[in-house]
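Undergrad: Now for the letters of each chain:
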Amino acid sequence: MEYIEIIVATIFVNNILLAQFLGNCPFLGTSKKMETALGMAMAVIFVLVLAGVITWLIYDYLLEPYKLVYLRTIAFILVIASLVQFVEMFLKKSIPALYAGLGIFLPLITTNCAVFGVCVLNIDKELGFMPALVTSFGYASGFGLALIIFAGLRERILLARVPKPLQDTSIALITAGVISLSFYAFRGMV
Amino acid sequence: MAKSIAYEFTKGLWKDVPPFRLVLGLCPVLGVTTSLKNGIGMGLATTFVLLCSNILVSLLRKVIPAKVRIACFIIIIATFVIVVEQMMQAFAYPLFLDLGVFIPLIVVNCIVLGRAEAFASKNGVIKSTADGLGIGLGFTWALGLLGAVRELIGTGSLKGDVFGLIHWDVPNIFGASFEPLGFAVQAPGAFVILGLLLCAMNLIPSK
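Top line first, the protein sequences correspond to chains A and B. Just so you know, we're using our numbering here: the first sequence kicks off at 372 and counts up by one. Just so you know, we're using our numbering here: the second sequence kicks off at 612 and counts up by one.
Since the hints were derived computationally from the structure, they do not count as laboratory data.
Derived DSS-like pairs (lysine-lysine); straight-line CA-CA distance at most 30 Å:
1. K626(B) - K403(A)
2. K673(B) - K733(B)
3. K463(A) - K678(B)
4. K535(A) - K622(B)
5. K464(A) - K678(B)
6. K678(B) - K738(B)
7. K404(A) - K626(B)
8. K626(B) - K535(A)
9. K626(B) - K733(B)
10. K622(B) - K403(A)
Looking at chain B on its own, in the form it has when it is part of the complex (with noise of 0.2 Å):
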């Protein structure tokens, strides 16, 4: 039992990481990754999301009716949608500027209600959470990936904090003459490279 409940978390961390190995959930990672706070901002915004959704989904399986399911998950998510966009509002006020429109979307993410739908309407809570946290993380990690090699080739340093608790400032790094790249952080730069890091991911193989 307690394997299982491991393997929930870490599946989420490599074998089954959102947006490389399953593909889903594309805006957010091609639109916010301009830099590695954005990517980690967004990444932890849609992880409390998923979370709390996967566990009052798991928990009221039994009372859901199959018929109008899909519909009873979307007001689950969209309340919870709703908790992250006020307390965003609230707390870290530049940070959802940054965000946008990007952050009531996270109502129509299909890994939230994939998940949902796939997992927590079907398994218990604590299997449910370890899911949750575990996709959420791996989609953070991924968001944050991207965001750090945009960011990294659009300016030629990382800077930023996440919810002011971690800070990083890393200067040029690579070295005074280089000339930052400016496509990395336009659109058409996010679906390059996201291909790119697609084909470096099939490099290594899954298992």
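Bound-form chain A, shown alone (with noise of 0.2 Å):
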């Protein structure tokens, strides 16, 4: 049940892209097409689980004990980047499909502030290991959602009249902002 309610505030109510606005540079870069944005869902999904799991082991076992917990920042940047690599290899040698469906969008990920932020939260929000794999997959769930919906209003927006000033760039921030008020009502939920 605990678990239920930690989804359901990630993905909704406390949306990362929508609320906390974490990883919005990729959501704007690849929402132009429906294709690219399911892409880019998919491997933060893959790699932002996969981090937090990591760093959080990392900050309890490592860092803390020896009190380096200074060094946060530059262990967890170094965790993220290998850990892209090595997804990145591993893939490319053991499930090329999938590979070739995320190719471009994962060293992306390295700089997707998305995947660094929920890392930092939990460790912030002292959380426990379960939780804390919980609430990782629970934001990055958000983050697709998100993405997947904004996605698929922008390829519709291609084919409205948009006054020149407010087109591309401003036209989806503004978008952005009336999805964020309608996951405004999911407020009080949790």
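Could you fit the two chains together into a complex? Lean on the hints.
TA: This is how it looks when you write it as structure tokens:
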């Protein structure tokens, strides 16, 4: 029951893109086409869950016992960067089909604030191992959900006649604002 | 030579203002700009990291092997982010709490890595310093502007200070009958107001 609550809270109430503002660069960058949005969503879910678990283990079993907490930022970014590289190599070798699908999105994830942000949030909130795992999964799914909704809307906006100064990023941001507003309705659920 | 240094500095202030013209590094732009003081504080913290990383990357550009350059840049940036984190915890704790997770997140800010890769790794120290300072200050005024607009609409007044040095307090700019629009300081307002500001920027020709 506790885990269901976390999932609902992280996907809808505190959606990482629309309420916490993490990972907005890929949100705007990869949402022009549904296909790329799906690829990015899958890649983020995959890497974020792994990164959330590994950084949690490193923080609790390495940094904290040896009083190296101030090195958190540098340790986490190194873990994420090498994890992304490793996942890329592993997928290329063993699951080429998935690699072809995620391909170009994997390297981009290193500088995705959503991944790094969730790892830091897990530590800041002093979550246990299982809650941290579920939280990472929930945030990642929320990212995917928002990205896919947004990509669907943007494909439609292409067909609309938007005034010139509002075109492209400007109208995309206002659309994101409207989605964010609709996600506001979930407030108070958890 | 002197002219081109001035150019590297001023291009960041108007022609290439990061969040408006380049549309990079949007997370802090949306996340911390609930008030003018948060916007400026975040902007200055990013400027510091950008300036230091640009200088160091430029100094080391001939030493860093091309194949692992991104990893090297990230380590350099992360080091300065830790410096900022520790300094802010010591000297500007309330601001540090306000900005929260966005301070460590400077490490994955596309602008900082982007400048290291696109500019500092190819240019000399003086030019890179000018570039870092210019882009950083451009980022700061953009965050400040968005913060000021959101704070004004959301609360009706402007109030705050920068590291205890400069204070400002502008009460009820729209008069006493103004009803603050809470929407502006909440999440959806961030997207909509940034979108409208971008639209306003598009109306002004970039030349």
